[in-house]
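Asks: Sequence:
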Amino acid sequence: MSHTCAGPCLAALLGFFACTQEEPPMPAFVLPPEWEPHEAVWFTYSGAPTDTVLDKVVLAMDPGTRVICAADNDSLARTIAARWDSLGIARTRYRMEVMGDSLATPAVRDAGPIFLRKRDGTLAVLDADWNYYGDLDNLVGSPEYLLAFEDSFPTMLARRMGLPVVHSDLVIEGGAVEVNGSGILLQVDAVTMPRNPGWGKDSIEHELKRVFGVRDIIWLKEGPADDQWYLEPRIHGNVFNQGTGGHVDEFCRFVNDSTVLLAWPDDADLTDSVQLITRQRMEVNLRILEQFRDREGRALNVIKVPTPDTEFHDHVLTSKRSYDQMLMMRYEDLHEGDSIRYIPAASYVNFLITNGRVFAPAYWHEGKPASMKEKDARVLQVLNKLFPERSVVQVDPRAINWRGGGVHCWTQQQPLVKE
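Here the numbering used here is used: position 238 in the sequence shown is 228, and no number is missing along the way.
Take the hints with a grain of salt, since some may be wrong.
Claimed, not checked - Between beta-carbon pairs, the in silico distance windows are:
#1 Glu409 <-> Lys310: 57 to 65 Å
#2 Pro184 <-> Glu409: 35 to 43 Å
#3 Glu409 <-> Glu364: 39 to 47 Å
#4 Arg368 <-> Ala289: 38 to 46 Å
#5 Glu301 <-> Asp110: 32 to 40 Å
#6 Phe302 <-> His325: 41 to 49 Å
#7 Met183 <-> Thr145: 25 to 33 Å
#8 Ala18 <-> Gln315: 46 to 54 Å
#9 Asp192 <-> Val292: 21 to 29 Å
#10 Ser309 <-> Ala289: 52 to 60 Å
#11 Gly78 <-> Thr308: 36 to 44 Å
#12 Lys408 <-> Ser248: 20 to 28 Å
#13 Asp247 <-> Pro184: 23 to 31 Å
#14 Arg311 <-> Ser76: 48 to 56 Å
To be clear, the hints were calculated from the coordinates, so they are not data collected in a lab. Treat the numbers as computed from the prediction; the structure is a model and nothing was measured. Cβ atoms here follow ideal geometry from the backbone N, Cα and C, with glycine treated the same way.
Take the sequences, apply the hints, and build the full model.
Replies: Structure follows, in structure tokens:
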């Protein structure tokens, strides 16, 4: 018997078994990417000016997509229904869900249900840990009560819908994770680690892989300057902002399984110190994205999109305003009567992808510089090219931006059940 191929054959055989052993098991559930078909889109209404932004989205939704509105009480639900009647939104297109005290934040994506798909195509609801953006211990009242109070939203909803619940002790906010549907998840070191003290990166990765069915996790470094954590709101000097601390949906989004959009301040904007800080952070994130390779050795396609012009609101501190009191307590150099500049969490990549539509931010309005109109047009062109089978609908999100979020934050998609 010839032994000339024994070595190569044995190596090939061992390689086969090695590859077979390395194949990950099929996950029990996955987080579908946003561009997959939706059964419904959830909205959170609070009776605030932000509701008018959401009205425009609801009006322009694909008629075949169910709208589900979460309100904290019956009175607000009736008010919303009456307003929608006046706007011509048929009651057959939506349903109201009165959630009571479980609605502690209007950002349904962050504290509400994250819908997962099981192996059989049906849905489950993720009920992750929640600590109010890392601020639970500082809130008025019992932390134990507040935790149960907020965590009840996903569980309560799953019970109403007859869906199983996937529990996790990891703090996971919906706007802090982004998937491509092919095993890759984006998240941000500056958010994930502080939200989960006591967890190491390995244990965090293991849990993210378990609950989202992904294989590769990209650790971006930090988010834009205008998404400052609201407990450390000083960006620099007298410029402040209330945000999440760097949610990925504010600056880096998948648009297909191999392409991401990355917020990137124009060179002409770098005389603005806020834009300069953002640019420096995005340069770090760009290097991370460019160095990444998936299991097949493929790189990501990174498309840079502009950041909106910074909009400043000048404000004089007063002890009569609770937020001002917090600032003066936190920063010893701030005193009543001092002037600060406050900016919104503005972003072109905080868009919502749904059936037949992409709801994209647009910022120009009468009296604003032409540069804002040019950026709106540039982003529209990029999205039209990336989503040729969807209509891109531009919506002014500033009322939500001033509260630290955007349309994507105030909505959550419910995937279609796969037969």
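Asks: Hints the structure violates: just list their numbers, smallest first.
Replies: Hints 4, 5, 6, 14 not satisfied by this model.
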